Every structure is written in structure tokens, then in C-alpha cells.
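Start counting at 1 in the sequence shown, then tack on 78, and there's your number in our numbering.
Since the hints were derived computationally from the structure, they do not count as laboratory data.
Heads up, some of the hints might be wrong.
Simulated restraints on C-beta separations [stated by the list, open to error]: (1) H93 - S113: 15 to 23 Å; (2) S113 - D90: 13 to 21 Å; (3) R111 - S157: 35 to 43 Å; (4) G114 - D90: 29 to 37 Å; (5) S140 - P95: 18 to 26 Å.
Within a straight-line C-alpha distance of at most 25 Å, the following computed DMTMM-like cross-link-like pairs (lysine to aspartate or glutamate) qualify [as the list claims (entries may be wrong)]: (6) K136 - E122; (7) K136 - D90; (8) K136 - D150; (9) K136 - D101; (10) K136 - D80; (11) K136 - E123.
Only a predicted model underlies this, so the values are computations on that prediction, with no experimental measurement involved.
Backbone N, C-alpha and C define an ideal beta-carbon position, used for all residues, glycine too.
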Amino acid sequence: MDVLRVFTGLADRLHVPPAPGLDVRVRAAVPDRVSGRWRLYLTEEQMASVAYGLWLHKMAGSAAEANRFSRDHGIAHTSAT
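Using the sequences and the hints, build the whole thing.
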């Protein structure tokens, strides 16, 4: 969740900003005590935006979050080049 908070917080400084409303959804996220994961309700556009944010984090050095998101939800961002 920390990665998504940073991603949405940097919205005005990114070339590709987060999807509309993603910041609101991230702030409204609640931890699921049973699974130990955060519960987010997202649109398809927001899911793609999360994948992009996690990809940016992966490029900065940590792939764990992006890999788990891709494995669990079947969506991953890939570079256009």
C-alpha cells in the first residue's frame, strides 16, 4: 500500500498520472485481517494504473509487489519499448 500512496502522491510530477479516482480508493483501502492484505475496490482503468505504479516501483529496484499483483490479478504493465 505504501507504493500506491507514493504513486498517487506524485501524480502531478508523473508523465503518466494515476487513473482518475485512484487516490480516493487508495485512501479508502482497509486491511483485511484474515488474509493480511489490503482491500481495494478498483475499476479496470485503476487496475491498469496500479500495475503501472508497481512497474515504476519495480524499475526503482523492488519487484516483489509488481510480481505478486501480476500473479494474483493477471495484470502487469510492460514497457512500450
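The hints, checked one at a time:
A C-beta distance of roughly 34 Å is found between H93 and S113, which places it outside the suggested range of 15 to 23 Å. Restraint check, S113 to D90: a C-beta distance of roughly 33 Å breaks the suggested window 13 to 21 Å. Between R111 and S157 the C-beta distance comes to about 36 Å, which sits within the given range of 35 to 43 Å. Restraint check, G114 to D90: a C-beta distance of roughly 32 Å satisfies the suggested window 29 to 37 Å.
Hint check: S140 to P95, Cβ distance near 21 Å, so the stated range 18 to 26 Å holds. About 21 Å separates the Cα atoms of K136 and E122, which keeps this hinted pair within 25 Å; it holds. In summary, the hint linking K136 to D90 is supported, as the alpha carbons are separated by about 20 Å, within the 25 Å threshold. Taking the CA atoms of K136 and D150, the gap is near 16 Å; set against the 25 Å cutoff, the hint holds.
For the proposed pair K136 and D101, the alpha carbon gap of about 20 Å is at most 25 Å, so the pair holds. About 13 Å separates the Cα atoms of K136 and D80, which keeps this hinted pair within 25 Å; it holds. For the hint pairing K136 with E123, the CA-to-CA distance comes to about 20 Å; that is within 25 Å, so the pair holds.
Consistency note: the structure conflicts with the earlier hints numbered 1, 2.
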